[in-house]
Amino acid sequence: EPEVTQTPSHQVTQMGQEVILRCVPISNHLYFYWYRQILGQKVEFLVSFYNNEISEKSEIFDDQFSVERPDGSNFTLKIRSTKLEDSAMYFCARDTGPGYNEQFFGPGTRLTVL
Amino acid sequence: AQSVTQPDIHITVSEGASLELRCNYSYGATPYLFWYVQSPGQGLQLLLKYFSGDTLVQGIKGFEAEFKRSQSSFNLRKPSVHWSDAAEYFCAVGRMDSSYKLIFGSGTRLLVRP
Chain A
1 EPEVTQTPSH
11 QVTQMGQEVI
21 LRCVPISNHL
31 YFYWYRQILG
41 QKVEFLVSFY
51 NNEISEKSEI
61 FDDQFSVERP
71 DGSNFTLKIR
81 STKLEDSAMY
91 FCARDTGPGY
101 NEQFFGPGTR
111 LTVL
Chain B
1 AQSVTQPDIH
11 ITVSEGASLE
21 LRCNYSYGAT
31 PYLFWYVQSP
41 GQGLQLLLKY
51 FSGDTLVQGI
61 KGFEAEFKRS
71 QSSFNLRKPS
81 VHWSDAAEYF
91 CAVGRMDSSY
101 KLIFGSGTRL
111 LVRP
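Note that the protein sequences, when read in sequence, are chains A and B.
Counting from 1, position 31 in the first sequence corresponds to residue 31 in the numbering used here; the numbering is continuous, with no gaps.
Counting from 1, position 8 in the second sequence corresponds to residue 8 in the numbering used here; the numbering is continuous, with no gaps.
Worth flagging that the hints you see were computed from the coordinates, not collected in a lab.
A few of these clues could be false.
To be verified - Mimicking DSS-like on lysine-lysine, the simulated pairs with C-alpha atoms at most 27 Å apart in a straight line are:
(1) Lys83(A) x Lys57(A)
(2) Lys83(A) x Lys42(A)
(3) Lys42(A) x Lys61(B)
(4) Lys78(A) x Lys42(A)
(5) Lys49(B) x Lys83(A)
(6) Lys57(A) x Lys61(B)
(7) Lys57(A) x Lys42(A)
(8) Lys57(A) x Lys78(A)
(9) Lys68(B) x Lys49(B)
(10) Lys68(B) x Lys57(A)
(11) Lys49(B) x Lys61(B)
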């Protein structure tokens, strides 16, 4: 059983459209992360989220991106107006807890922007 | 700034042969180090981690890694490779501050010859 599930597994959208990627942790943990991996490249940190607030965000995470945990369970990443260069695999991860830093990754959502 | 270097983009080994994947890091404090494996089209699975203590750590699937502070390295090893080990391997360093984000290397793709 996966530690984290992500939906959808694949999302195709037109440039300029909004997309919402969802992450559902199996266990009730407080630390969540979004990473992305452009095809053939390394995994890059986007944002960390703790106790319903952003802890840190990378330079990639500009005003087009937002995260929230609206219902206390699902953890979402929203891209308001997608660009071609947003095409990537997006991974959600959850952490065991503060100071332990053992992150478990979901299977990812492949986002294709046309 | 933190960084992780995996100098080998591709490595090909014969099934049954030994394997060593190299990882060097740059980090001001004692790092938390990880190896993840990614099979094609899949998410990231944690193989092993080093936080402190014994510098030789054992992981899943018969992998081990050794932390060498003097060389800033955390190389991954396996004594006998199986065809199912063919995948992409990522080394990562973790931060123990407010975000706990992971910084990944660019990955090493392992090919296994029958």
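Hint check results:
1. Lys83(A) x Lys57(A): holds, 19 Å
2. Lys83(A) x Lys42(A): holds, 19 Å
3. Lys42(A) x Lys61(B): holds, 23 Å
4. Lys78(A) x Lys42(A): holds, 21 Å
5. Lys49(B) x Lys83(A): violated, 36 Å
6. Lys57(A) x Lys61(B): violated, 33 Å
7. Lys57(A) x Lys42(A): holds, 17 Å
8. Lys57(A) x Lys78(A): holds, 14 Å
9. Lys68(B) x Lys49(B): holds, 14 Å
10. Lys68(B) x Lys57(A): violated, 30 Å
11. Lys49(B) x Lys61(B): holds, 14 Å
Consistency note: the structure conflicts with the earlier hints numbered 5, 6 and 10.
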